[in-house]
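Protein chains: 2
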Amino acid sequence: MKPLQPGIPFLLSQVGAHAAARYAERIAPLKLKPYHSGILRILAEGSGLTQQALCDLLGMFPSRLVGVLDELQRMKLVERRERPEDRRTYALHLTKAGQEMLQRLGQAAQEVQEDLCATLSAKERAVMFDLLTRMVEQQQITPAVHPGYRQMDGGCGAPPRSK
Amino acid sequence: MKPLQPGIPFLLSQVGAHAAARYAERIAPLKLKPYHSGILRILAEGSGLTQQALCDLLGMFPSRLVGVLDELQRMKLVERRERPEDRRTYALHLTKAGQEMLQRLGQAAQEVQEDLCATLSAKERAVMFDLLTRMVEQQQITPAVHPGYRQMDGGCGAPPRSK
DNA sequence: GAATAATAATTAATGTCAATAACGATTTAT
DNA sequence: ATAAATCGTTATTGACATTAATTATTATTC
Chain A
1 MKPLQPGIPF LLSQVGAHAA ARYAERIAPL KLKPYHSGIL RILAEGSGLT
51 QQALCDLLGM FPSRLVGVLD ELQRMKLVER RERPEDRRTY ALHLTKAGQE
101 MLQRLGQAAQ EVQEDLCATL SAKERAVMFD LLTRMVEQQQ ITPAVHPGYR
151 QMDGGCGAPP RSK
Chain B
164 MKPLQPGIPF LLSQVGAHAA ARYAERIAPL KLKPYHSGIL RILAEGSGLT
214 QQALCDLLGM FPSRLVGVLD ELQRMKLVER RERPEDRRTY ALHLTKAGQE
264 MLQRLGQAAQ EVQEDLCATL SAKERAVMFD LLTRMVEQQQ ITPAVHPGYR
314 QMDGGCGAPP RSK
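Quick note, the sequences are listed as chains A and B, same order. Every letter in the first sequence is one number past the one before it in our numbering, and letter 43, counting from 1, is 43. All you need for our numbering is the position in the second sequence, starting with 1, plus 163.
Since the hints were made in silico from the structure, they are not lab data. Please read these numbers as outputs of a predicted model, since none were measured by experiment. Honestly, I wouldn't trust all of these hints.
To be verified - According to the in silico footprint, chain A covers these stretches of chain B (three or more CB under 8 Å from chain A):
1) 212-218
2) 282-291
3) 294-307
Virtual Cβ for every residue (Gly too), placed ideally from N, Cα, C.
When you get a sec, could you build the whole thing from the sequences and use the hints?
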């Protein structure tokens, strides 16, 4: 009878899920879900991306993306611009409102971080950031892309609803 | 245009989801999913728990738990003992095979941790463990209980599935 | 240059799984 | 003893992700 103490993988999954939940409820008043947020962030620097390219990057199904983009477009946060060179594709762009929304989302994330790291000193937060970033690199996780976009079980450590 | 750098909440969610996925695929050959694992761990020290008590602890729906326990019982890892004092309730207990399985699960978790923390020194791992543990305490997260059991959106930062 | 294949986005259909509600059995309260 | 409440289970509903099929455009081949 030894390791009843939780390991780092579990703690990461546990705290990570908690952080995601907190962030989700924090941005709920903005009528946005976390996966909206992620797409806006990607589009902020990857402007002009095509839907398929975005699918490849996020690892999500095209049919899944359509609905999400419809929602974002309905909220005037994203627009699909026609491309003269290939008229079956759309170029995805953030609207002005989309950029402003991104600001608010960043603010929300910072608030959540403030709450989440309440007991951590500035130095400790920097250490945490460093360790996590190094993990992302070493594990070859695509930066700024959440694994949850990928299909699969999800395996969030709980009954799938997710995985 | 400022915070395009991911914050700690996102990093935690990202790495946490990744860790959960790695653990899930690691224990897949054992025909178990992460949420099975969590229940076995709870039952290891909370032996004799009733189903409803377990539901309250995990924050999951009773109807949801029934199926999971059926699976675990089919695998001979958990047994429902009848209670003389209250014949409508069952006392949940780990079988011998269940305890052995728990050992393997702990071993699997350690392997995942080894891979996940490959670039981290022993001291850094201890720091990571300490920071995460303090977060769990400060956020009043029930120790050893994954938030994913709870209902709600899941909001794992990606399309729910999932979730 | 017409026909065929291939690709992008969308839509429809399929399956899965969680949550609400209803049920039977047992216990506690009146 | 009758009624109300509780525990576990089952059935139904509903939401959502994935697969397959549609439509429209571009590229390739004969």
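For this session: Hints the structure violates: just list their numbers, smallest first.
Result: 1
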